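**Q** Construct the complete structure from the given sequences, taking the supplied hints into account.
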Amino acid sequence: MSYGYSFVNEALLEVNPKSEYVGRLAKDWKVSDDALTYTFNLNEGIKFSDGSDFTAEDVVFTYEQVMKNQANNENVDLTRLESVKTDGDYTVVFKLKEPYSPFLDITAMLQIVPSDAYNSENFDTAPIGTGAYKVAQYDANQQIILKVNENYWDETPDIEQVNIISMDQDTAYSNAVSGQMDVVMVSSTYIKEEILGMNLKKLETMDVRNISLPTLTPQKMSDSKGNEYEVGNAVTSDIAVRKALAIGINRQTIIDNAFNGEGVPSVNFTDNLVWASTDTYEDNQVDEAKKILEDAGWVDTNNDGIREKDGQACSFEIIAPGNDEDRYKLAAALAENAKDLGIEIKVRNESWDVAVVEENKTPIVWGWGQFSPTVIYQTYDSQMFLEAQYANVTGYTNKDCDAAIDRAIAATNQEDAVKAWKEAQKIGDSEYPYLYLVNIEHSYFVNDKLDISVDTQIPHPHGHGSPVICNLKDWKLN
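Under my numbering, the first residue of the sequence shown is numbered 328, with each subsequent residue one higher.
Some hints could be false.
[As the list claims (entries may be wrong)] Straight-line C-alpha distance at most 25 Å; calculated DSS-like pairs for lysine-lysine:
#, residue 1, residue 2
1, K412, K395
2, K803, K529
3, K354, K412
[What the hints assert, rightly or not] Taking CB as the label site, the calculated pair distances span:
#, residue 1, residue 2, range
4, M394, D451, 17 to 27 Å
5, K422, D775, 47 to 57 Å
6, D622, Q496, 18 to 28 Å
7, E477, K673, 49 to 59 Å
8, K673, Q496, 35 to 45 Å
9, D614, M394, 54 to 64 Å
10, K528, D360, 37 to 47 Å
Don't read these hints as lab results, they were simulated from the structure. Computed from a predicted model, the values in this text were never measured in an experiment. Ideal Cβ positions, reconstructed from N, Cα and C, are used throughout, including at glycine.
**A** Structure follows, in structure tokens:
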């Protein structure tokens with residue numbers, strides 16, 4: 328439920344299949360010329376699932392709750408919000424302290440709760456919302472049973488009850504084969520299989536897999552609170568190694584070996600969002616990559632297939648976290664490919680607890696995917712290093728990149744913001760702090776009698792929470 332799917336709770340805006348923001352609870356909105364005032368006019372006649380009316384007061388309450396508890400809401404940054412007030416029952420006015428171009432992203436992410444009935448203690452398990460469904464039963468780590476919200480304000484869904492069941496992939500696949508499941512998300516391991524009575528759907532994503540390559544030399548550093556960390560990597564801190572990997576590996580071969588050929592080679596975050604960089608370069612430039620390494624002093628002096636420099640072998644570890652088979656296979660395929668360059672990569676399967684401890688010194692296989700460009704700030708801005716979990720784990724620092732990010736955030740119109748976001752990516756990508764590999768496809772086996780409305784599916788963000796359910800209200804039984 329935490330990934331913002333709107334079938335129970337809804338936000339002011341939503342993302343459409345073209346990755347554009349359109350109204351949901353809000354019928355329209357206006358931004359002042361100085362980008363400090365956002366005015367939303369709300370749809371009328373909407374009720375929550377408990378029968379109470381949805382009004383501007385509920386929007387104000389929701390945003391004020393997040394502001395009061397900002398420390399516990401790092402995914403929704405309202406630190407630049409000065410005030411949120413009603414202007415009648417169906418108009419909400421937001422005042423910002425300073426321009427913040429990603430603010431519309433927040434209004435499409437933060438879902439509205441009822442001011443009179445909200446209970447923070449049971450909201451996660453018994454939410455009250457304006458969406459097409461309500462939670463009829465919640466069994467932690469097992470299942471969520473949804474039933475149609477009889478007070479829903481839009482077109483009534485065709486499917487009256489949906490059971491969302493939590494199980495490991497092998498068990499889910501076995502249940503699908505035995506006819507007990509109607510939709511199952513599967514990894515590349517299963518995409519060549521066939522299930523009687525089901526068909527395979529492959530859906531567009533912005534879900535990229537990449538490897539963080541720490542840019543600092545090994546050392547100890549402290550965050551703003553005085554906490555000390557081991558950071559840096561003796562091998563990946565050399566830009567020659569990072570660039571050689573970026574241009575020298577063969578991404579398609581890696582995808583073929585790791586994912587049965589399913590996925591799109593990627594050299595940047597994504598290319599299906601307006602703010603995303605579409606700059607590209609050719610990979611599989613093996614000879615050029617070898618020259619870069621040799622010019623930087625990385626030479627195989629003992630003919631063991633691994634280059635060395637000043638006594639340091641061109642060898643490093645990669646962590647595939649979370650017992651994720653696909654991440655491990657991707658890292659292993661990369662390691663095999665990198666041998667052609669004289670680079671040794673050792674892959675470790677570790678828990679997220681271990682990965683978090685080592686994130687600033689050991690390369691990690693990451694999965695990213697979101698609609699908001701703030702991911703660029705989180706991964707490239709030097710201020711984020713050591714200040715937030717998962718943020719700028721490579722220790723990347725470039726004042727020009729920081730300045731471009733600052734301009735993007737402070738832009739008063741989308742055109743200027745997009746230009747600055749792309750500039751920040753161009754600068755950051757030129758120093759290769761992340762090795763982008765593949766935009767994965769999300770694959771699902773779907774019951775032949777079920778229409779999951781592919782036309783209204785939005786490009787899927789990161790795969791947590793099985794994002795196929797984003798348009799649950801549009802599903803139909805054939």
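**Q** Look at each hint and say if it fits the structure.
**A** Tested hints:
Of the supplied pair hints, the one linking K412 and K395 holds, its CA atoms being roughly 15 Å apart against a limit of 25 Å. Note on K803 and K529: the hinted pairing holds, with a Cα-Cα distance of about 18 Å set against a maximum of 25 Å. Distance hint between K354 and K412 is fulfilled; the C-alpha atoms sit about 17 Å from each other, no more than 25 Å. Checked against the given bound of 17 to 27 Å, the beta carbons of M394 and D451, roughly 20 Å apart, stay inside it.
In this structure the supplied range 47 to 57 Å holds for K422 paired with D775, their Cβ-Cβ distance being about 52 Å. Range check, D622 to Q496: about 45 Å between beta-carbon atoms, so the 18 to 28 Å window is missed. For E477 and K673, the Cβ-Cβ distance of about 57 Å falls inside the hinted range of 49 to 59 Å, so the restraint holds. Here the CB-CB span from K673 to Q496 is close to 26 Å, at odds with the stated 35 to 45 Å.
Distance hint for D614 and M394: a CB-CB separation of about 56 Å, consistent with the stated range 54 to 64 Å. Between K528 and D360 the CB atoms are about 44 Å apart, so this pair conforms to the stated range of 37 to 47 Å.
Of the numbered hints given earlier, the model fails hints 6 and 8; all others are met.
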